[in-house]
Amino acid sequence: MTKTEANKIFISGNHAFGEAAIRAGCTCYFGYPITPQNELGEYMSEHLPPAGGVFLQSESETAAINMLIGASAVGVRAMTSSSSPGISLKQEGISFLAGFELPGVIINVMRGGPGLGNIAPSQGDYFQATRGGGHGDYRTPVFAPATVQEIVDLTVLSFDVADRYRTPVMILGDGMMGQMKEPVVFPEKIKKLPEKEWALKGRGNGPSRYMASLILDALEMEKHNWKLVRKYREIEKNETRYEAFMADDAEIIAVAYGTTARITKGAIKRLRKEGVKAGLLRPITLWPFPSQAIRDIAQNAKKVVVFEMSTGQMVEDVLLAVMGQIPVQFHGRPGGVIPTPLEFSRIMYREYELLKKKSI
Amino acid sequence: MTVKTARKGRVVVKKEMCKGCMLCVEYCRRNVLRVSESFNKMGYHPAEADESAECTACMVCSLVCPEVAIEVYDDEDRSE
Amino acid sequence: MKLKNKWPKYYKKDVITHYCPGCGHGIVHRIVAELLEEMELGKRAVCVNPAGCAVLAYKYFDIDMIESAHGRGTAIATGVKRARPDLFVFTYQGDGDLSAIGTAETIHSANRGEHISVVFINNAVYGMTGGQMAPTTLVGMRTTTTPSGRNPEYDGYPLHITEVVASFPGVAYAERVAVDGPAGIQKTKKAIRNAFQCQIDGLGYSIVEVLSPCPTNWKMTPRASFTWITEEMTKEYKLGVLADRRARE
Chain A
7 MTKTEANKIF ISGNHAFGEA AIRAGCTCYF GYPITPQNEL GEYMSEHLPP AGGVFLQSES
67 ETAAINMLIG ASAVGVRAMT SSSSPGISLK QEGISFLAGF ELPGVIINVM RGGPGLGNIA
127 PSQGDYFQAT RGGGHGDYRT PVFAPATVQE IVDLTVLSFD VADRYRTPVM ILGDGMMGQM
187 KEPVVFPEKI KKLPEKEWAL KGRGNGPSRY MASLILDALE MEKHNWKLVR KYREIEKNET
247 RYEAFMADDA EIIAVAYGTT ARITKGAIKR LRKEGVKAGL LRPITLWPFP SQAIRDIAQN
307 AKKVVVFEMS TGQMVEDVLL AVMGQIPVQF HGRPGGVIPT PLEFSRIMYR EYELLKKKSI
Chain B
35 MTVKTARKGR VVVKKEMCKG CMLCVEYCRR NVLRVSESFN KMGYHPAEAD ESAECTACMV
95 CSLVCPEVAI EVYDDEDRSE
Chain C
21 MKLKNKWPKY YKKDVITHYC PGCGHGIVHR IVAELLEEME LGKRAVCVNP AGCAVLAYKY
81 FDIDMIESAH GRGTAIATGV KRARPDLFVF TYQGDGDLSA IGTAETIHSA NRGEHISVVF
141 INNAVYGMTG GQMAPTTLVG MRTTTTPSGR NPEYDGYPLH ITEVVASFPG VAYAERVAVD
201 GPAGIQKTKK AIRNAFQCQI DGLGYSIVEV LSPCPTNWKM TPRASFTWIT EEMTKEYKLG
261 VLADRRARE
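Residue numbers (the numbering used here), protein chains in the order written: chain A, 7 to 366; chain B, 35 to 114; chain C, 21 to 269.
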């Protein structure tokens, strides 16, 4: 898909999810209203049918993910979106997609929680997304955009990864990113969709086929589980993505994703002006988590500070990655509070000062 | 006046597919079907056809059979 | 002698199902397979089967199938039909699947008038899991979770979901029949044929509720189960056409 400067559009994150999906050949969208991502469904209701697709507002998020299962089983590119509480209702369906080995793109525009929480941006669904919020032994590739442009790029990528590995794929945005507008460039609409001979299309003159995730024989189920694991190893090998920002000579490394990473970049620019060698490692895939990249960068750094808009979830993956080789400090603001660059720069500066004291 | 002879039919119970629910035995109006003394592999007493009985190929047995285990034959060329 | 009832084409050859002796599923499966052949639907049919006794239906029907999570069948069928309107899409569901956990999916797919057909097997209990109370369990009926009989004060009354959806304008055809003997079985085939024809003719949503025997969990003989349906179950669940909007333009 070629991108041309000409079609730079000033658009919100929620609308960008929709437009990018249409350009990626998504022909079925099933959704249910929930703030802060209502505009996504609204966009699809207006733009998908004229593009020859299906928009259907379902009676619940549970129904929506199951409509996606149906559409995906017959080979079309399908998407659903929601926000935190609604994503909880989709977990059963996501586990079934993993069991069926069916593609599907699920967008979570995260909000404050737990419970009804609020409609402000948050990153409290990290565990749910990366540890498999549904039942059973499965993993879900999870992409974390930080800008509206990245929403576009990662939505298109998500459909490719979902089809290539026949797996559900999740995108974790947040309420701020969904509402925020930025100028972005959209790719041309995809011309040729991937062939899916595995898709059901009525047996025709051939043998009948079926899709089922029930495997009563334990040894067979085990084989299926290890088959999925081989897939997940492939995904880990090929699809892990991250951004290193001013990290080469950094003595203190921040690890943050999405909106929090953008705030951290602001803090790092401030600190660099004051001679503090600070850098950022920004995971773009939350699963597979860029553990190796973090280990590499941590080699020549002295401290890692993890920033999240939660009470600390990704920090555990960072701890797992560095295995105690380097001290890891966590700083989080849950509940929908949006931290500021100044706040983060103070935290990092204080950690930097502590380092200086220790090293004298 | 045309005399219609009773249709001559015959049923075959697939012994190893029958689960002994006996619905066919209950509904056959000509007592063609009965419970077999023998067991099938699944451990059921399957239904079996009594060759001497007068089956008219009415197909009720195959209608009520949940296992599609009964084949019904009839003498297509009965005299009118 | 000529064979009058050859093996149904869309029923896996000589399959022995896991259903209990005298179970209504076996009869309705045969009827559906016969109709798929007679109405030449087998090649473009996709059936969504439930979690419940019929969870293994894909081992029996010889057409393309998707096994649904418990209760989600009509949502999956909606997705299939919306994505591929050229396919013939029907769900095959039990009473727990369709009128307990799947109530919302059932009501809203019907209310949207999805162009799908629903074969709804009502045997008044949860069969696969061992005979617990279902929304359709009759008042006073003993099940493994109503040991002293269903008590409306405590367990509510039998749910009439088909009457509910029959009231929706989006529903083109809704009928309740019973597998309670040869005549009932023939009516069941006729009703499902009407429902399938509805979808072929693009008239919208159709549903057939089939009162079906569950000898094992009712603790009756298959023959007695038929009689129990005729004499007891149809008192609560009246047979007949509940909605017929096929003639509307």
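These aren't lab readings, by the way, just hints derived from the structure by calculation.
Quick reminder that beta carbons are idealized off the backbone N, C-alpha and C, glycines included.
Errors might be hidden in some of the hints.
Listed below are the simulated DSS-like cross-link pairs for lysine-lysine, each with C-alpha atoms no more than 25 angstroms apart in a straight line [to be verified]:
id, chain 1, residue 1, chain 2, residue 2
1, C, K207, B, K49
2, A, K207, C, K33
3, C, K63, B, K49
4, A, K207, C, K22
5, A, K229, C, K24
6, B, K75, C, K63
7, C, K239, B, K75
8, A, K363, A, K308
9, C, K26, C, K210
10, C, K29, C, K239
11, C, K79, C, K22
12, C, K207, C, K24
13, C, K210, B, K49
14, C, K63, C, K239
15, C, K239, C, K210
16, A, K279, A, K207
17, A, K195, A, K283
18, B, K75, C, K32
19, C, K63, B, K48
20, C, K210, B, K75
21, B, K49, C, K255
22, B, K49, C, K79
23, B, K42, C, K22
24, C, K33, C, K239
25, C, K22, B, K75
26, C, K29, C, K258
27, C, K258, C, K24
28, A, K14, A, K195
29, B, K48, C, K24
Short, incomplete list of chain B residues facing chain C, as computed with Cβ under 8 angstroms [stated by the list, open to error]:
id, residue
30, R44
31, G77
32, E82
33, L97
34, D108
Cross-check of the supplied hints:
1. Proposed proximity of K207(C) and K49(B) is contradicted: the alpha carbons are some 28 angstroms apart, above 25 angstroms.
2. About 22 angstroms separates the Cα atoms of K207(A) and K33(C), which keeps this hinted pair within 25 angstroms; it holds.
3. In summary, the hint linking K63(C) to K49(B) is not supported, as the alpha carbons are separated by about 31 angstroms, beyond the 25 angstroms threshold.
4. Our distance criterion of 25 angstroms between C-alpha atoms is broken by K207(A) and K22(C), whose separation comes to about 36 angstroms.
5. For the given pair, K229(A) sits about 44 angstroms from K24(C) by alpha-carbon distance, which is inconsistent with the 25 angstroms threshold.
6. Only pairs whose Cα atoms come within 25 angstroms are accepted, and K75(B) paired with K63(C) is rejected, the gap being roughly 34 angstroms.
7. A threshold of 25 angstroms between alpha carbons decides the hint, and for K239(C) with K75(B) the separation of about 24 angstroms falls inside it, so the pair holds.
8. The hinted pair formed by K363(A) and K308(A) meets the criterion: a straight-line CA distance of about 13 angstroms does not exceed 25 angstroms.
9. Taken as a hint, the K26(C) and K210(C) pair is honoured in the structure, with Cα atoms around 19 angstroms apart against an allowance of 25 angstroms.
10. With a CA separation close to 33 angstroms, the supplied pair K29(C) and K239(C) exceeds the 25 angstroms bound.
11. A distance of roughly 29 angstroms separates the Cα atoms of K79(C) and K22(C); the hinted pair therefore is violated under the 25 angstroms criterion.
12. Taken as a hint, the K207(C) and K24(C) pair is honoured in the structure, with Cα atoms around 20 angstroms apart against an allowance of 25 angstroms.
13. With a CA separation close to 30 angstroms, the supplied pair K210(C) and K49(B) exceeds the 25 angstroms bound.
14. Distance check on the hinted pair: K63(C) and K239(C) sit about 39 angstroms apart at the alpha-carbon level, beyond 25 angstroms; violated.
15. Taking the CA atoms of K239(C) and K210(C), the gap is near 29 angstroms; set against the 25 angstroms cutoff, the hint is violated.
16. Straight-line distance between C-alpha atoms of K279(A) and K207(A) comes to about 61 angstroms, which puts the hinted pair past the 25 angstroms bound.
17. A hinted pair counts as satisfied when its Cα atoms are at most 25 angstroms apart, and K195(A) with K283(A) does not qualify at roughly 43 angstroms.
18. Using a Cα cut-off of 25 angstroms, the hinted pair K75(B) and K32(C) holds, with the two alpha carbons roughly 20 angstroms apart.
19. With a CA separation close to 28 angstroms, the supplied pair K63(C) and K48(B) exceeds the 25 angstroms bound.
20. For the suggested pair K210(C) and K75(B), the alpha carbons sit about 35 angstroms apart, so the restraint of at most 25 angstroms is broken.
21. About 37 angstroms separates the Cα atoms of K49(B) and K255(C), which puts this hinted pair outside 25 angstroms; it is violated.
22. Simply put, K49(B) and K79(C) have alpha-carbon atoms about 21 angstroms apart, close enough for the 25 angstroms limit, and the pair holds.
23. Among the hinted pairs, K42(B) with K22(C) is consistent with the structure: their alpha-carbon atoms are about 11 angstroms apart, no more than 25 angstroms.
24. Between K33(C) and K239(C) the CA atoms are separated by roughly 31 angstroms; this puts the pair beyond 25 angstroms, and the hint is violated.
25. With a CA separation close to 28 angstroms, the supplied pair K22(C) and K75(B) exceeds the 25 angstroms bound.
26. Between K29(C) and K258(C) the CA atoms are separated by roughly 33 angstroms; this puts the pair beyond 25 angstroms, and the hint is violated.
27. At roughly 33 angstroms between alpha-carbon atoms, K258(C) and K24(C) are farther apart than 25 angstroms, so this suggested pair is violated.
28. This hinted pair checks out: K14(A) and K195(A) have alpha carbons roughly 15 angstroms apart, not beyond 25 angstroms.
29. Between K48(B) and K24(C) the alpha-carbon distance is near 15 angstroms, which keeps this suggested pair within the 25 angstroms criterion.
30. Interface hint at R44(B): satisfied, since its Cβ lies 6 angstroms from the closest Cβ of chain C, which is below the 8 angstroms cut-off.
31. Interface hint at G77(B): violated, since its Cβ lies 11 angstroms from the closest Cβ of chain C, which is beyond the 8 angstroms cut-off.
32. Among the interface hints, the one on E82(B) is violated; its C-beta lies about 16 angstroms from the nearest C-beta in chain C, farther than the 8 angstroms criterion.
33. Hint status for L97(B): holds, given a least beta-carbon distance of 5 angstroms to chain C, under 8 angstroms.
34. Given the 8 angstroms rule on beta carbons, the hint for D108(B) holds: about 6 angstroms separates it from the nearest Cβ of chain C.
Consistency note: the structure conflicts with the earlier hints numbered 1, 3, 4, 5, 6, 10, 11, 13, 14, 15, 16, 17, 19, 20, 21, 24, 25, 26, 27, 31, 32.
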